Amino acid sequence: MTMLRVLAAGCGLAALLWAQQFKFNLDHLAAKASNAVDVSLNKDMLQFAGKFLSDKDSDEAKAKAMIGGLEGIYIKSFEFSRDGAWSQADLDQVRNQLKAPEWGRIMSVKSSEDNENVEVWVRHESGKVTGIALLATEPREFTVANIVGNVNLESLADLGGQFGLPKLKPSGTTAPEKKKDD
Amino acid sequence: MDWLEEELKSALSRKEPAGGFDERVLAAARRPKTVMLPRRWMAAAAALVVLAGAGQAYRWHRGQEARDQVMLAMRITGKKLSYVQTRIAGDRQ
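Those protein sequences? They're chains A and B, same order as listed.
Going by our numbering, the first sequence opens with residue 1, and the numbers climb by one from there.
Going by our numbering, the second sequence opens with residue 1001, and the numbers climb by one from there.
Okay, chain A solo, but in the shape it has when bound (with noise of 0.2 Å):
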């Protein structure tokens, strides 16, 4: 029966980790964290989802149109109540995951102003956007997200307020990459 358990266990981690495409392994953050987002969406949920966003609402129409091209879509973000609550370690092992050629970053912003930083990396295969990975800190916030599938970085943007990112080009190699107070 145990066995039975493990085996089961096994099967759901690696199904996990089959549709994501990097591992996260910030677990431990979440106990420090005084507020703490996981979301973990597959192909299946996100259809799921979909059937439920409204075609009406102008923001919920745009992630229904987004979400038709995703295989999943992962998030781990934790605010902290003090400062050096993550370390750089932990940022490391997520980006040291994210290896040349499939993975490129084509966006960094390291901003002593704001002292956030953001990284927008992309995976290519066969020539084609297949996820996105993003790492995000401040001091007192970790985010890293994983969105698997051809991911328009524009609309996705949108949502967030603002248009004009660089778009991706077709031939699957990426617009230059930006940094800013590097």
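Rather than coming from a laboratory, the hints here were simulated on the basis of the structure.
If you're wondering where the values come from, they're calculated on a predicted model, not measured in any experiment.
Don't take each hint at face value.
As the list claims (entries may be wrong) - BS3-like mimics (lysine-lysine), calculated; alpha carbons at most 30 Å apart, straight line: (1) A/K43 x A/K23; (2) A/K110 x B/K1079; (3) A/K23 x A/K64; (4) A/K128 x A/K99; (5) A/K43 x A/K128; (6) A/K56 x A/K23; (7) A/K99 x A/K43; (8) A/K43 x B/K1079; (9) A/K62 x A/K110; (10) A/K62 x A/K43; (11) A/K23 x B/K1079; (12) A/K23 x A/K110; (13) B/K1079 x A/K56; (14) A/K32 x A/K99; (15) A/K110 x A/K32; (16) A/K62 x A/K51; (17) A/K32 x B/K1079; (18) A/K43 x A/K56; (19) A/K128 x A/K32; (20) A/K23 x A/K128; (21) A/K64 x A/K43; (22) B/K1079 x A/K64; (23) B/K1015 x A/K51; (24) A/K62 x A/K128; (25) A/K128 x B/K1015; (26) B/K1015 x A/K62; (27) A/K128 x A/K51; (28) A/K99 x A/K110; (29) A/K99 x B/K1079; (30) A/K62 x A/K23.
Unchecked claim - To be clear about the criterion: a stretch of chain B counts as covered by chain A if any three or more of its residues have a C-beta under 8 Å from a C-beta of chain A, and this derived list gives those stretches: (31) 1007-1016; (32) 1079-1086.
A virtual CB, placed ideally from N, CA and C, is assigned to each residue, including glycine.
Once you've looked at the hints, dock chain B against the given chain A.
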């Protein structure tokens, strides 16, 4: 034979039933038991309706949760991407 035996013999002696007895017994045997079955079916139907309603309510609840998660995910990533775009646009100017 005393009087008691006579009484018993008389009471327990074989008597022919009234005419049509066989038909009445067979008809009663063939008649469906219409007293309990409808109640059982009604209870089963009511249980099915309750289960179906509960299933629909649960599905709706899960759908709302999934929808909220999608919108939360889009807002988190959209906000970060929007921040990057704003910084890059500011840098260009």
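Verification of the supplied hints:
Taking the CA atoms of A/K43 and A/K23, the gap is about 18 Å. The hint holds against a cut of 30 Å. Using a Cα cut-off of 30 Å, the hinted pair A/K110 and B/K1079 holds, with the two alpha carbons roughly 16 Å apart. Our distance criterion of 30 Å between C-alpha atoms is met by A/K23 and A/K64, whose separation comes to about 26 Å. For the given pair, A/K128 sits about 16 Å from A/K99 by alpha-carbon distance, which is consistent with the 30 Å threshold.
Restraint check for A/K43 and A/K128: the C-alpha separation of about 18 Å stays at or below 30 Å, so the hint holds. At most 30 Å may separate the alpha-carbon atoms for a hinted pair to count; A/K56 and A/K23 exceed this at roughly 36 Å. Of the supplied pair hints, the one linking A/K99 and A/K43 holds, its CA atoms being roughly 24 Å apart against a limit of 30 Å. Taken as a hint, the A/K43 and B/K1079 pair is honoured in the structure, with Cα atoms around 23 Å apart against an allowance of 30 Å.
Using a Cα cut-off of 30 Å, the hinted pair A/K62 and A/K110 holds, with the two alpha carbons roughly 29 Å apart. This hinted pair checks out: A/K62 and A/K43 have alpha carbons roughly 17 Å apart, not beyond 30 Å. Distance restraint check for A/K23 and B/K1079: the Cα-Cα separation of roughly 23 Å lies within the 30 Å cut-off, and the hinted pair is therefore satisfied. With a CA separation close to 23 Å, the supplied pair A/K23 and A/K110 stays within the 30 Å bound.
Simply put, B/K1079 and A/K56 have alpha-carbon atoms about 22 Å apart, close enough for the 30 Å limit, and the pair holds. Using a Cα cut-off of 30 Å, the hinted pair A/K32 and A/K99 holds, with the two alpha carbons roughly 29 Å apart. In summary, the hint linking A/K110 to A/K32 is supported, as the alpha carbons are separated by about 24 Å, within the 30 Å threshold. For the given pair, A/K62 sits about 13 Å from A/K51 by alpha-carbon distance, which is consistent with the 30 Å threshold.
Restraint check for A/K32 and B/K1079: the C-alpha separation of about 24 Å stays at or below 30 Å, so the hint holds. Of the supplied pair hints, the one linking A/K43 and A/K56 holds, its CA atoms being roughly 23 Å apart against a limit of 30 Å. This hinted pair does not check out: A/K128 and A/K32 have alpha carbons roughly 38 Å apart, beyond 30 Å. Simply put, A/K23 and A/K128 have alpha-carbon atoms about 22 Å apart, close enough for the 30 Å limit, and the pair holds.
This hinted pair checks out: A/K64 and A/K43 have alpha carbons roughly 13 Å apart, not beyond 30 Å. Note on B/K1079 and A/K64: the hinted pairing holds, with a Cα-Cα distance of about 18 Å set against a maximum of 30 Å. Between B/K1015 and A/K51, the direct Cα distance comes to roughly 77 Å. Violation of the 30 Å bound is thereby established for this hinted pair. Our distance criterion of 30 Å between C-alpha atoms is met by A/K62 and A/K128, whose separation comes to about 22 Å.
For a cut-off of 30 Å, the pair hint linking A/K128 to B/K1015 is broken: about 98 Å separates their Cα positions. A hinted pair counts as satisfied when its Cα atoms are at most 30 Å apart, and B/K1015 with A/K62 does not qualify at roughly 91 Å. Restraint check: the Cα-Cα separation between A/K128 and A/K51 comes to about 27 Å, which is no more than 30 Å; the hinted pair holds. Restraint check for A/K99 and A/K110: the C-alpha separation of about 20 Å stays at or below 30 Å, so the hint holds.
Proximity of A/K99 to B/K1079 is assessed by CA-CA distance (about 25 Å); at most 30 Å being required, the pair is judged to hold. Under the criterion of a C-alpha separation no larger than 30 Å, the hint pairing A/K62 with A/K23 is consistent with the structure, at around 28 Å. Only residues whose beta carbon comes within less than 8 Å of a beta carbon in chain A count, and the stretch 1007-1016 of chain B has 0; fewer than three means the coverage is violated. Remark: the stretch 1079-1086 of chain B is confirmed as covered by chain A, as 8 of its residues place a Cβ nearer than 8 Å to a Cβ of that chain, reaching the required three.
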